[in-house]
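Participant: Next come the chains, spelled out residue by residue.
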Amino acid sequence: MKIAVLSGKGGTGKTTIAASLSASLKPSQYVDCDVEEPNGHIFLNPDIKLSVPVKVEVPDFDESLCSGCGDCAEACRFHALAAVNKKIVSFPEICHHCGACYIVCKTGALTPAERIVGVVEMNGDKTFARGKLDVGEPISIPVIKKLKEYLKTDMPVILDCPPGASCAVVQSLEGCDFCLLVTEPTPFGLHDLKIAVALVRKLGIPFCVALNKAVEGDSRIQDYCKKEGIEIIIEIPYSREIAESYSDGVLPVHIRGEWKRKFARLYDVIKERVSQ
Amino acid sequence: MKICITSSGETIESALDPRFGRCSYFIIADLESGEHSAVANEAVGFGGGAGISSGQLVAEKGVTAVITGNVGPNALKVLKTAGIEIFRGTDATVKENIERYKAGGLEKITENVPSHFGMKNRG
Numbered sequence: 004m005k006i007a008v009l010s011g012k013g014g015t016g017k018t019t020i021a022a023s024l025s026a027s028l029k030p031s032q033y034v035d036c037d038v039e040e041p042n043g044h045i046f047l048n049p050d051i052k053l054s055v056p057v058k059v060e061v062p063d064f065d066e067s068l069c070s071g072c073g074d075c076a077e078a079c080r081f082h083a084l085a086a087v088n089k090k091i092v093s094f095p096e097i098c099h100h101c102g103a104c105y106i107v108c109k110t111g112a113l114t115p116a117e118r119i120v121g122v123v124e125m126n127g128d129k130t131f132a133r134g135k136l137d138v139g140e141p142i143s144i145p146v147i148k149k150l151k152e153y154l155k156t157d158m159p160v161i162l163d164c165p166p167g168a169s170c171a172v173v174q175s176l177e178g179c180d181f182c183l184l185v186t187e188p189t190p191f192g193l194h195d196l197k198i199a200v201a202l203v204r205k206l207g208i209p210f211c212v213a214l215n216k217a218v219e220g221d222s223r224i225q226d227y228c229k230k231e232g233i234e235i236i237i238e239i240p241y242s243r244e245i246a247e248s249y250s251d252g253v254l255p256v257h258i259r260g261e262w263k264r265k266f267a268r269l270y271d272v273i274k275e276r277v278s279q
Numbered sequence: 008m009k010i011c012i013t014s015s016g017e018t019i020e021s022a023l024d025p026r027f028g029r030c031s032y033f034i035i036a037d038l039e040s041g042e043h044s045a046v047a048n049e050a051v052g053f054g055g056g057a058g059i060s061s062g063q064l065v066a067e068k069g070v071t072a073v074i075t076g077n078v079g080p081n082a083l084k085v086l087k088t089a090g091i092e093i094f095r096g097t098d099a100t101v102k103e104n105i106e107r108y109k110a111g112g113l114e115k116i117t118e119n120v121p122s123h124f125g126m127k128n129r130g
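Same order as they appear, the protein sequences are chains A and B. At position 122 of the first sequence the residue is numbered 125 (the numbering used here), and the sequence of numbers has no breaks. At position 16 of the second sequence the residue is numbered 23 (the numbering used here), and the sequence of numbers has no breaks.
Next up, chain B with everything else stripped away, as it sits in the complex (with noise of 0.2 angstroms):
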């Protein structure tokens, strides 16, 4: 199974980005595998729609689950209609969060916060 986990930078060594939509990266990871790979998010620099095209872009790479910090109404009902399931990561790298994953430990998001909350004092 594939999960994605919203990145800040390219390597599994990055810290994980709290925004959903608007993260700098989604780290792609296969499970059984073990691979990885990043995928830059356009919608940074969107001026809207950012959730809804970066929900539809993890569904399209056939993630079952999304490690982040929060997600925004939009992205919510993307990923609910494409099954997938979502979890809080928390302050760590991406590698360590895959772990945490993998042994259960991250709390499952079910409610959103209000849109554009990740974008607070980012100018």
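Chain A with its partners taken away, still in its complex shape (with noise of 0.2 angstroms):
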């Protein structure tokens, strides 16, 4: 079972929470799609054995070939390719390897090279598996698509997504069983959540909520949830003990065993959503 872990908001609790239940269920594999910022590792402390650089199809231009005629250019959505004055030129940073321009180059002039963009880590049993974009690199799509080539089938897989609910998101939840939703007692919190919940409604994913910095007195995460008729799954308190220890790069199931039983549970809960 594929289980994604996305918020909307940043900075709500998606790596806790998705790293916690990685390290309470054994054997499962945590995958950390958030690669423009991956951090699973500072939990999870795995030994990187094997690295897979991330290649890309970008345009070669041979200028002796090109008749000059626009079409690449005007064929280019991302507005990667510009004509001008029967000169081509390239911006291969913003291409988003469609191929349109092979398609419609008459003379040949343009032929795909590769183009590294990114790398996928993982451990000696692929248990830990991250994608990391170069600095710099402003489509995180293709190093997504291939962290998402060593999926395990025979474990519980977590994956645990970037912030928001664009492109990157959308790609990371793509083929999962479940998606949980992490927020947070905040009005962002709150704001972010109905995005998310919009987005996995409309890819038809089951989800549930996990409410992380729960505090007593702030009910609007409750409140929205019974109105819609979402099930929260897991409270986590508002906890300067968790804190602590996060800062530390130390879950919250290994400071408490009540806290990893909680997360064991927790994924028979969500079994069980999944089969019903």
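Some clues are possibly wrong.
What the hints assert, rightly or not - DSS-like cross-link-like pairs, simulated, lysine-lysine; straight-line CA separation at most 30 angstroms:
hint, chain 1, residue 1, chain 2, residue 2
1, B, K9, A, K90
2, A, K274, A, K263
3, A, K89, B, K9
4, A, K274, A, K205
5, B, K84, A, K109
6, A, K90, B, K87
7, A, K58, A, K90
8, B, K68, B, K102
9, B, K68, B, K115
10, A, K29, A, K155
11, A, K90, B, K115
12, A, K29, A, K149
13, A, K129, A, K58
14, A, K148, A, K29
15, B, K102, B, K84
16, B, K9, B, K115
17, A, K58, A, K149
18, B, K87, A, K109
19, B, K9, B, K87
20, B, K87, B, K68
21, A, K109, B, K68
22, A, K263, A, K52
23, A, K90, B, K68
24, A, K89, B, K115
25, A, K148, A, K129
26, A, K52, A, K148
27, A, K148, A, K58
28, A, K89, B, K68
29, B, K109, A, K89
30, B, K84, A, K89
31, A, K229, A, K197
32, A, K90, A, K109
33, A, K265, A, K155
34, A, K265, A, K229
35, A, K265, A, K29
36, A, K89, B, K87
37, A, K58, B, K84
38, B, K84, A, K90
39, B, K84, B, K115
Don't read these hints as lab results, they were simulated from the structure. Given the structure is predicted, the values throughout are model-derived calculations rather than measurements.
Two chains, each in its own frame: build the complex with the hints.
Facilitator: Structure below.
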């Protein structure tokens, strides 16, 4: 089973919850899809043994063959090619690798060339996998796609998604069986939870909410979930003990057996919800 | 010769728009005939590639110079390839900037500002 942990708002505790769930479940695979800023390794301390470069195809341009017709620039939906004065100017970093330019080029001046945009790294038994987008690269999708080639099928897989609700999140959610929406009782937490709920509903993936940093006297998340008929599957209190251990790179499940049992049970509940 | 001025409105009485890639309008002015026309910039709402697309558009208009506030790295590359000179306009109307250009009173831009510079404080 593939469980995606997402949130909308950043900093709600996606990694804390995804890594805690993975650490409480043996065997399981933790997959860090937050390729712009992967941080699950801080808590799970994997011994990285495998490193696979992520390559994309971008147009290589042979000026001697170019007729300067500009068809390629017109075909490019992402403006990664411009035609000026019968000359082609190429911007490989904003290319979305669709290949339309090769198709429309009549003279063969454009051919696919490789470009490395990031890396996928794993430990020896591949129970920990993460994508890392190279600094300065604007498009994370190819790294997430490559990372997802390594998803295990013989054990539960926990995907730690990027924040937001954009393409990178959609790419991470594709093919997942269940979504855990992590939120916190703040105005931004609720606002972005609503966006995340709209997204997973649109994708038709079953989901529940994990309420992190819960405080007494603030029921905004509970009220919203009740109104929308969404189950809050786990509540983690706003706790100094958890925050302090987090700052030392230690997960809540490693400070108290109670939390480990809670997270192990969480997986059983998710399994039940998926089969319902 | 024709030049292009990035503009906040459709007329030469409008204020200069300091952004190049995502300016509201391009005013194309023919210095010989004194005629001018406005082209709405579709790239304002682009997710990406606004500077590139704007650079290509003004190159297609056959202008020899662009007057604007700032240009980003990609727009600069396109304009340079097209052999278009870039001048830093002043905080005044399009008309006044054309006059200053004619009098040789505008500074030439040879370096770009960082990507998305003009999107600051614009949400």
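Participant: Work down the list of hints and note, for each, if the structure agrees.
Facilitator: Status of each hint after checking the structure:
{"no.": "1", "hint": "K9(B) <-> K90(A)", "verdict": "holds (21 angstroms)"}
{"no.": "2", "hint": "K274(A) <-> K263(A)", "verdict": "holds (17 angstroms)"}
{"no.": "3", "hint": "K89(A) <-> K9(B)", "verdict": "holds (19 angstroms)"}
{"no.": "4", "hint": "K274(A) <-> K205(A)", "verdict": "holds (21 angstroms)"}
{"no.": "5", "hint": "K84(B) <-> K109(A)", "verdict": "holds (25 angstroms)"}
{"no.": "6", "hint": "K90(A) <-> K87(B)", "verdict": "holds (11 angstroms)"}
{"no.": "7", "hint": "K58(A) <-> K90(A)", "verdict": "holds (27 angstroms)"}
{"no.": "8", "hint": "K68(B) <-> K102(B)", "verdict": "holds (19 angstroms)"}
{"no.": "9", "hint": "K68(B) <-> K115(B)", "verdict": "holds (20 angstroms)"}
{"no.": "10", "hint": "K29(A) <-> K155(A)", "verdict": "holds (13 angstroms)"}
{"no.": "11", "hint": "K90(A) <-> K115(B)", "verdict": "holds (24 angstroms)"}
{"no.": "12", "hint": "K29(A) <-> K149(A)", "verdict": "holds (25 angstroms)"}
{"no.": "13", "hint": "K129(A) <-> K58(A)", "verdict": "holds (20 angstroms)"}
{"no.": "14", "hint": "K148(A) <-> K29(A)", "verdict": "holds (25 angstroms)"}
{"no.": "15", "hint": "K102(B) <-> K84(B)", "verdict": "holds (27 angstroms)"}
{"no.": "16", "hint": "K9(B) <-> K115(B)", "verdict": "holds (17 angstroms)"}
{"no.": "17", "hint": "K58(A) <-> K149(A)", "verdict": "holds (9 angstroms)"}
{"no.": "18", "hint": "K87(B) <-> K109(A)", "verdict": "holds (26 angstroms)"}
{"no.": "19", "hint": "K9(B) <-> K87(B)", "verdict": "holds (17 angstroms)"}
{"no.": "20", "hint": "K87(B) <-> K68(B)", "verdict": "holds (15 angstroms)"}
{"no.": "21", "hint": "K109(A) <-> K68(B)", "verdict": "holds (25 angstroms)"}
{"no.": "22", "hint": "K263(A) <-> K52(A)", "verdict": "holds (27 angstroms)"}
{"no.": "23", "hint": "K90(A) <-> K68(B)", "verdict": "holds (15 angstroms)"}
{"no.": "24", "hint": "K89(A) <-> K115(B)", "verdict": "holds (25 angstroms)"}
{"no.": "25", "hint": "K148(A) <-> K129(A)", "verdict": "holds (16 angstroms)"}
{"no.": "26", "hint": "K52(A) <-> K148(A)", "verdict": "holds (20 angstroms)"}
{"no.": "27", "hint": "K148(A) <-> K58(A)", "verdict": "holds (11 angstroms)"}
{"no.": "28", "hint": "K89(A) <-> K68(B)", "verdict": "holds (14 angstroms)"}
{"no.": "29", "hint": "K109(B) <-> K89(A)", "verdict": "holds (29 angstroms)"}
{"no.": "30", "hint": "K84(B) <-> K89(A)", "verdict": "holds (15 angstroms)"}
{"no.": "31", "hint": "K229(A) <-> K197(A)", "verdict": "holds (13 angstroms)"}
{"no.": "32", "hint": "K90(A) <-> K109(A)", "verdict": "holds (15 angstroms)"}
{"no.": "33", "hint": "K265(A) <-> K155(A)", "verdict": "holds (24 angstroms)"}
{"no.": "34", "hint": "K265(A) <-> K229(A)", "verdict": "holds (22 angstroms)"}
{"no.": "35", "hint": "K265(A) <-> K29(A)", "verdict": "holds (14 angstroms)"}
{"no.": "36", "hint": "K89(A) <-> K87(B)", "verdict": "holds (14 angstroms)"}
{"no.": "37", "hint": "K58(A) <-> K84(B)", "verdict": "holds (25 angstroms)"}
{"no.": "38", "hint": "K84(B) <-> K90(A)", "verdict": "holds (12 angstroms)"}
{"no.": "39", "hint": "K84(B) <-> K115(B)", "verdict": "holds (15 angstroms)"}
The structure meets every hint from the earlier list without exception.
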